[in-house]
Every structure is written in C-alpha cells, then in structure tokens.
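What the sequence shown shows, in my numbering, is residues 5 to 343, in sequence order.
Treat the hints as calculated values from the structure; they're not laboratory data.
Possibly wrong hints are sitting among the right ones.
Simulated restraints on C-beta separations [to be verified]:
{"id": "1", "residue 1": "D182", "residue 2": "R148", "range": "15 to 21 angstroms"}
{"id": "2", "residue 1": "P303", "residue 2": "R89", "range": "33 to 39 angstroms"}
{"id": "3", "residue 1": "L138", "residue 2": "G253", "range": "17 to 23 angstroms"}
{"id": "4", "residue 1": "S125", "residue 2": "R54", "range": "24 to 30 angstroms"}
{"id": "5", "residue 1": "E61", "residue 2": "G103", "range": "19 to 25 angstroms"}
{"id": "6", "residue 1": "F51", "residue 2": "I319", "range": "36 to 42 angstroms"}
We put the CB at the ideal spot given by N, CA and C, even for glycine.
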Amino acid sequence: MPKSNNAGMTQPDLVDPFGRTISYLRLSVTDRCDFRCTYCMAEDMTFVPRKQLLSLEELAFIAETFIELGTKRIRITGGEPLIRRDVTTLMSDISRHNGLEDLAITTNGSHLAQYAEALFSAGVTRINISLDSLDNAQFKALTRTGELDRVLAGIEAARQLPFKKIKLNTVALRGFNDHELVDLVAFASERQLDISFIEEMPLGETTAHNRKDAFLSSEEIRDTLAKYYTLGASTLETGGPSRYWRVAGSDTHIGFISPHSHNFCSSCNRVRLTAEGRLLMCLGNEHSVDLRAVIRRHPFDKEPLIDAIKYGLTIKPERHHFNLDEAPQILRFMNATGG
5 MPKSNNAGMT
15 QPDLVDPFGR
25 TISYLRLSVT
35 DRCDFRCTYC
45 MAEDMTFVPR
55 KQLLSLEELA
65 FIAETFIELG
75 TKRIRITGGE
85 PLIRRDVTTL
95 MSDISRHNGL
105 EDLAITTNGS
115 HLAQYAEALF
125 SAGVTRINIS
135 LDSLDNAQFK
145 ALTRTGELDR
155 VLAGIEAARQ
165 LPFKKIKLNT
175 VALRGFNDHE
185 LVDLVAFASE
195 RQLDISFIEE
205 MPLGETTAHN
215 RKDAFLSSEE
225 IRDTLAKYYT
235 LGASTLETGG
245 PSRYWRVAGS
255 DTHIGFISPH
265 SHNFCSSCNR
275 VRLTAEGRLL
285 MCLGNEHSVD
295 LRAVIRRHPF
305 DKEPLIDAIK
315 YGLTIKPERH
325 HFNLDEAPQI
335 LRFMNATGG
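Model the full structure from these sequences, guided by the hints.
This is the structure we're talking about:
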C-alpha cells in the first residue's frame, strides 16, 4: 500500500530509478488475433501455447495487486482481447476494485458489435478501436484477414452506449493510408470520436513493407491535416503517450503518438504484462520480470508478487532507442507485447 512520509503526504509505491511514477498497467490477455496486420504480425504466426497463458484468475490477481500498489489505469490488450473466452468476467473482477480510476480496452473492433454491451456492463470506461483505412481493399491489404464492415458495425454499436470515451487508432504508413488522413479525421469528427495517429514502431521483422520508406512523422501528418482543419493545442490527457490537438468547431481531438520524432519516455507512466506473464518495463527494450513463475511458485501470495513487481521497476530503462536505419532490435511483434 502507498506509504506516508513524516508530513503525512502519501508516497506512491511504484517509482522507477528516474523518478517516474508508474500508475498505468497494460494487461494483455492473449497474443492471438483474428487479423494479421502487416505492422503488427507476420502472415504466418506461431502463438504461445494456451497452457502457458496466465489464467483469468491469475490476471485478476496481478491486476488487484497493481491497484493496491497505486495503479490508477488498466488497459486490456492483446492480440485481440475479445477472442479470449470469458474476458468480460476478468474485466468485471478488475473494475470492482476501489482506487482504479479507468478501465479501458484496445480492440480491432471485429467482435465489438457482439461485446459492446457486455464491456459496458463489466465496467469498461474507454475503448480504443484500431482503424487504419476506410477503403475495403486497403483495409484488407493492411490487415490481411480483416473485414472493414464488421469493424464499422462495432464502432456504431459502441457509440450507442455511454462510454466515457471512444477513440480510433491509426498507424500511419506512407504509400498505404497517407492519402486517407483527412477522410479518417472527417469520419471521427462526424461521429464525435477522437482519433490518434501512430508512427509505426519497429517491433519484429516484417517483409510486408520497408519501414524506413513507409515512415510518416507526426509533424508531417499534422501539417497535412492543418490544410483542412484549424488545429489548436489541447490540454487533454488520457494517461498514455498521445499529444492532443483540438479540431476547431468540433468535439474531436486528434492525438499523435510519436515514438520516433517526439520521444515520450521522460513522462512514461506505464508497464506492460504479456499474456504469458512477462512484465515488460519498456515497449522498446527487453527488460522484464517473469511474474508467471512467481505466482505459480507462490499461488495467490501477494508478498512475493509485490517484491517481483518492485524489483522490475528498478530495471526499467530510461528510454527506447528506435532506429529505422538498422534491423529491428526487438524481435517480438506487437501482438506478443500487448498494445
């Protein structure tokens, strides 16, 4: 539990060597996905055997422990989290804990029409939906297996419910969807949704495109959009790395996630738990602790788990070092990391 100093002020439990308070856990429930997005996965994937995945009970136990240590935000990720059986039960278990301020999910949207009501009932407050193209053929090319109509139906189903926030996420790639930037903002604005554009992160080796050639910086995206929209700097904060701009005359905010052009590590408040229980300290580094080994050696005993989590914070690196001129240093794909 948080400690108090002599002045009676509460001190957070999870602080890394660089003074950053870790208040945000991204919790992956599966590395599997029904899409094969070119920037996220290989076309022919080998997934973690199901018996090696954390159980829902283990995931809930780890989430509860993080909340007791001061975690305020938890995001459920994958892979595609909605293909994990009974995942809404996990969300209900997590959302009931006092101290948690926000329970979110990132999804590709393909199953959202089916699960939107269950997510809201389970206590989910915010949804991020991946949407990289509004063109059926381009959407299929980027996702390899995805059906755009199913995703659009999922977005509409979510919009019918009073979630605190629904946001679209677009990985911007030159030569693939750069001509759709304005259309994607218009789509979001017409539906009173926010949208974030993401610079592609070099995780795993892909043969689908050359990452250096396809790189599109946040500044270039913003310059393009500024020709069509009046953008004003926004103070909106959602707990993640997005820097937001407000679209004049609209409720829509445009976010930019810029791991290359505007390194956000100095304000990092996040750690990630992979579906098999590896606590990753940084998206762009391999520093980690095996929490699965800890909780299976000491089932549902919080003290060893707390010790392992706190040890993990001591090895959290200061920043990532992505370089598009070199082969990927991180060979795990994003689906194995947890978005």
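Now the hints, each set against the structure:
The hinted window of 15 to 21 angstroms between D182 and R148 holds, with their beta carbons roughly 19 angstroms apart. Between P303 and R89 the Cβ separation comes to about 22 angstroms, which falls outside the hinted range of 33 to 39 angstroms. About 22 angstroms separates the C-beta atoms of L138 and G253, a value consistent with the hinted range of 17 to 23 angstroms. Take S125 and R54: their Cβ atoms lie about 26 angstroms apart, and the range 24 to 30 angstroms holds.
A hinted range of 19 to 25 angstroms for the beta carbons of E61 and G103 is consistent with their spacing of about 20 angstroms. A hinted range of 36 to 42 angstroms is violated for the C-beta pair F51 and I319, which are about 27 angstroms apart.
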